[in-house]
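Student: So the protein sequences, as listed, match chains A and B.
Under the working numbering, the first sequence has 88 at position 88, and the numbering climbs by one with no breaks.
Numbers given in the working numbering equal positions in the second sequence, counted from 1, plus 351.
What the hints contain is simulated information worked out from the structure, not anything from laboratory work.
Worth double-checking, as some hints may not be accurate.
[Said to hold, decoys possible] Computed footprint of chain B on chain A; a stretch qualifies when at least three of its residues, placed anywhere within it, have a C-beta under 8 Å from a C-beta of chain B: (1) 221-232; (2) 237-249.
[Claimed, not checked] Sample of chain A residues lacking proximity to chain B, with all beta carbon distances greater than 12 Å (derived): (3) Phe124; (4) Gly168; (5) Ile179; (6) Thr218; (7) Leu295.
The beta carbon of each residue, even a glycine, is placed where N, CA and C say it ideally should be.
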Amino acid sequence: MSVEAVPFGGSQQGGSEPAQTRGFGASSGTAGRRIATLLLRGGSLAVFVAVLIVFSVTAPYFLSVGNIGNVLGQSAIAGVLAIGLTVVMIAGGGNVVTGGIDLSLAANMGLSAAVYAALSQAGFGDAVAVAGALAMGLAIGIVNALAITLAGIVPLLATLAVMNVVAGLELVLTQNTVIPATGDLLTLLSGSGPFDIPVLAYVLIGFTLVAALVVQATPLGLRLYAVGEFPEAARASGLSVKPFIAGAFLFSGFCGGIAGILSVSYLSGSTTGAGDLLLPVVVTALLGTVFSRRLVPTVIGTLLSALFVSFLVNGFQLLNLSSTLVSGVQGLLILFVVSATTLLRKQETSA
Amino acid sequence: MASPQEDGNIGPMIRLTGIEKSFGGTKALSGVSLTVERGSVHGLVGQNGAGKSTLIKLLAGLLRADAGQIEIDGVVHDHLTPHAVDALGIHFIHQDRLLVPTFTVGESLFLGREPRIAGTPFLDRRKMQRRAAEVLDRYFGLRLPTSTLIAELSTAEKQIVQITRALLHAPKVLVFDEPTAALVRREADMLFRLIRRLRDDRITVIYISHYLGEIEDLCDTVTVLRNGRDVATKPVAETSATEIAGLMVNREIGELYPKRTAALGATLLRVEGLSTPGRYEDVSFALRRGEVLGLTGLLGSGVKDLVRTLFGLEQPASGRVEVDGKTVWTKTPAQAARRRLALVPEDRRRHGVALDLSVAENVTLASLDRFTRFGLLNGGAETAEANQLIDRLQIKTDGSDALVRTLSGGNQQKVAIAKWLSRHSEIYLLDEPTVGVDVGAKVEIYQLIADLAARGAGVIVLSSDLPELLGITDRILVLFRGRIAAALDTSETSVDAVLADVTGSSEALRHVG
Chain A
1 MSVEAVPFGG SQQGGSEPAQ TRGFGASSGT AGRRIATLLL RGGSLAVFVA VLIVFSVTAP
61 YFLSVGNIGN VLGQSAIAGV LAIGLTVVMI AGGGNVVTGG IDLSLAANMG LSAAVYAALS
121 QAGFGDAVAV AGALAMGLAI GIVNALAITL AGIVPLLATL AVMNVVAGLE LVLTQNTVIP
181 ATGDLLTLLS GSGPFDIPVL AYVLIGFTLV AALVVQATPL GLRLYAVGEF PEAARASGLS
241 VKPFIAGAFL FSGFCGGIAG ILSVSYLSGS TTGAGDLLLP VVVTALLGTV FSRRLVPTVI
301 GTLLSALFVS FLVNGFQLLN LSSTLVSGVQ GLLILFVVSA TTLLRKQETS A
Chain B
352 MASPQEDGNI GPMIRLTGIE KSFGGTKALS GVSLTVERGS VHGLVGQNGA GKSTLIKLLA
412 GLLRADAGQI EIDGVVHDHL TPHAVDALGI HFIHQDRLLV PTFTVGESLF LGREPRIAGT
472 PFLDRRKMQR RAAEVLDRYF GLRLPTSTLI AELSTAEKQI VQITRALLHA PKVLVFDEPT
532 AALVRREADM LFRLIRRLRD DRITVIYISH YLGEIEDLCD TVTVLRNGRD VATKPVAETS
592 ATEIAGLMVN REIGELYPKR TAALGATLLR VEGLSTPGRY EDVSFALRRG EVLGLTGLLG
652 SGVKDLVRTL FGLEQPASGR VEVDGKTVWT KTPAQAARRR LALVPEDRRR HGVALDLSVA
712 ENVTLASLDR FTRFGLLNGG AETAEANQLI DRLQIKTDGS DALVRTLSGG NQQKVAIAKW
772 LSRHSEIYLL DEPTVGVDVG AKVEIYQLIA DLAARGAGVI VLSSDLPELL GITDRILVLF
832 RGRIAAALDT SETSVDAVLA DVTGSSEALR HVG
C-alpha cells in the first residue's frame, strides 16, 4: 500500500543493486506498521464505542445528558493531571523507563489540595488559597525539573523520590486527617453550569482546549515533540533540549496545583489517599497515545482516554459490578497499550 | 534558492590555518590548513582516523581547536558555536539522518523556523506543507504526499528531506559528510545533479567521501588528509584517483610486522553464498588453519555485518557456513562460542572487556565452566589460568586481580583476546584490533595474531588500516557495496591496488553523473 504512495521506493523495483531490495523491504515494513497502527487505533476507538453501546443498552441512564455531564465532571481531576503527564511524556520521549514520566503528580495534587484547605481554614480568602495551591504545585515541578535537567536523574527515579517527599509533607501538614474547606470559589466549582452539567466538566473541557491549542498548534508544541522524540534532531535544528524538558515538568507541577484546587471543591476539603489516583492518571496518559495517528501522546487523545476510563468506572457502578474489577482492567490496559506501542516502535527503529 | 548576493568579497569562503586539536594524549589534527574557494565543490578525503570528522566538527562549532585560525567569509572567528555557524549560512548534511520519525515532511523541514499564521502564535501547517511540496518538487522533482511521516520514507528520501532542510535556510556553504553511503546509484546521481546546480547557484560545497570516483566526477578541488595533516590540495583536473589513493595512505611499512611463515592446514571455516539483502550478497570464502585472512571495505560495504553474522549476532537470509566440514547454523553468540568462534569487537571498552572486573575475571569470563566445581567458582584455578595467559601474552598489569579499567588500550585488547584463548577458541574474528592503541602495543598485537595462526588457529582480521592488513595477512578479501570485489593474495598486491578495490575506483561502478 505504501509503495505506490512513495514514488522513490516504487521506482527502485527495476534496479539491480543490492540496496534496492532494502528500500523495498523498508516500504513493506512500513505498510505492515501502518496496518498495525490502524488496527490499534481503530481497535481502541471501536472498543471505546462498544463500551459506550454496551453500557447504554444495559444501563438506560448511562447515555443521559446528566450522566455524561457527571462523568465529565468526575474525570476533571484525573484529566487535568493526565494532561500534565501527557506534556511530560511528549517532552521526555516515548520510552517509559528512560523517557518522560511524572510519578509525583498525584501526590502533588494531594499536597496542593492540603495547602489550599489549610490556608482556607486559617481564614485566608480564595485568592490567597488559589495562589498557595498553584505555587505549591509549581514548586514541586521546579524540584522535578532541577533534579532531572541539572542533576541528570532519570525522570522515573527523580519523580518517584519527589513523590515520597511530597506525600510525607502532606501528612505533616494534615496530620493524616480531613481538612474541610469552604468558600465562594469552591461553591462555584462544585455546582452546576448550563444544561445542569457540573462546572468541573466545563473546566476540564476548557483546560483541554487551551492545552491542546498550545501543544498541537504552536511552534512551541512542535518543538516539544522534537525534543522528546529525537533530541539530536532537535539540537541539529538549533533548539536547546533542557529548557523544554524543564518547562514540561513545571507545567505538570502547575497541573498538580490546579487539580488540587479542583479536588478540594469536589471533596469539600482535602482528604488523604491522593496517591490512589496515580495509576488511573498513568493509564489515561498512556492510553491516550492510541488515539493519535502517529502513536504519540496528544492532549485530545488523553481527554478521550480520560473519558474512556471514567465511562468504564461509571458503567461498572451503574451495573452494580464490583469496582475492584476496575483496577484490574486498568492494569491490563497499561500492559496492552505499552506492549503494543513498544512493538510498533521497535519495528519503526529496525526498519 | 537565494543566490548569494555579490558583496564584493572575493577572498576564499573558508580558510583554516594551522589547526591543531588533541584528545587526551592523541593528536587528531596537527597543523591542518584548508582553503575553500567561493562557489567551488571542494572534496575532502582521507582514511578513517585521518582527521576528517574532527576537522568538520571544528568547523561546525562542536569542538574548539587548540591552535590555529578559522576564517569564514573574510572574518576570523575565535569562538564558533553551532548557532553562530548556522547564522553564517554554513549547513551540514550529516551521515546520520537527524529527523524525527513521527513528524511529517513539512514539520521536519521547518522545525526550528516554523511559519505562523499571521498575527497569531499558531503554526501555519498549510503553508508548511505547501512550501515543502514546492521545494521538494523544484529541487528533486519529488512529489511526496505532504502528510507522509518520516518513518514511512526510504533512506534516500530521508536524505533528500535533510538536504532540503538546509536549502530552505538559503545556505552559503553546504557540507556533505559521506552523503552516498546509504544511496543506490540512481539516487546518488540525483544528488550529484543537485550539487552541480548548487555550484551554478554559487553555493560553496564541501564534499567528504570515501568514493574517489565521486570526487573525480564532482569536485573542483580535493584536499587529502593523512594522520592529522593536509598532505595535498590539488585541482581535480590535474590529478587522478590513483594519485589521491596514494596520498591517502602512508606507505612506509617498516618493521612493524612480524615475519611469519604460514603453514596452512585443513579448512576450518567455509562460507558459501552468504546473503542478507541490502547488506552483503553472495559472499563465499574459506579460512584454513594457520591462516590470517584480511577483511576490508568501507562503511556500509557489509564487512561488519558479515562478521556479526559469523558470530551469530545477525542471521543471514540465505547461504551456508561450515565449521570443520560440518554445516552449522549459528543463531546466537553462545552457539558461536561453542563452535570455537571468538569475536574481539571494535569497541573493546563497551563490548570487548568488562572494565570494572579484574584481569582474571575477564580472562575466564567466556570459559567459566572450566573453573567451576559443584557450581562454585574455583578462584585458585582462575588465577592460575590468568597468570599463565598474562605471561604468554605479556599483558602489562599489576597482577591478575587488577581492574581492567587500569590497563592501557593495547593491554585491554590483549585481555579481550586472552578471554577466547582460555576458551580454546580456534576461529578468531578480530574487528579493528589495533584501533586506538599505540604503536608499541600494535606490534605486540600483530605478534599475537601471528602466534595464534602458528598454533593452528584461523584468524580473520577486519581492518580499514590497509598497510596493517598487508603486513599481517596471507590473503585479503575486499567488499564493495555488499559484494566481494576482490580476493587478493597479500604477497602479490599493494596498498594502491587494495585501495582501488575498496573505493570502487578500479571498477566501472564509479558514479557517472
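Student: Verify that the Cβ of Phe124 (chain A) lies farther than 12 Å from every Cβ atom of chain B, and report whether the claim holds or is violated.
Tutor: With a cut-off of 12 Å, Phe124 (chain A) remains clear of chain B, as the shortest Cβ separation is near 35 Å.
Student: Say whether it holds or is violated: Ile179 (chain A) keeps its Cβ farther than 12 Å from all Cβ of chain B.
Tutor: Per Cβ check, Ile179 (chain A) is outside 12 Å of chain B; nearest 40 Å; holds.
Student: Using a Cβ cutoff of 8 Å, are there at least 3 residues of the region 221-232 of chain A near chain B, or does the coverage claim fail?
Tutor: holds (count 8)
Student: Does Gly168 (chain A) clear chain B by more than 12 Å, comparing its Cβ with all Cβ atoms of that chain?
Tutor: Given that every Cβ of chain B is farther than 12 Å from that of Gly168 (chain A), nearest at about 35 Å, it holds.
Student: Taking the minimum C-beta separation from Leu295 (chain A) to chain B, is that value above 12 Å?
Tutor: 7 Å, violated
Student: Does Thr218 (chain A) clear chain B by more than 12 Å, comparing its Cβ with all Cβ atoms of that chain?
Tutor: Answer for Thr218 (chain A): violated, closest chain B Cβ roughly 5 Å.
Student: Taking a Cβ-Cβ distance under 8 Å as contact, does the region 237-249 of chain A have three or more residues in contact with chain B?
Tutor: Satisfied; 3 residues make the cut.
Consistency with the previously given hints fails for numbers 6 and 7, ordered from lowest to highest.
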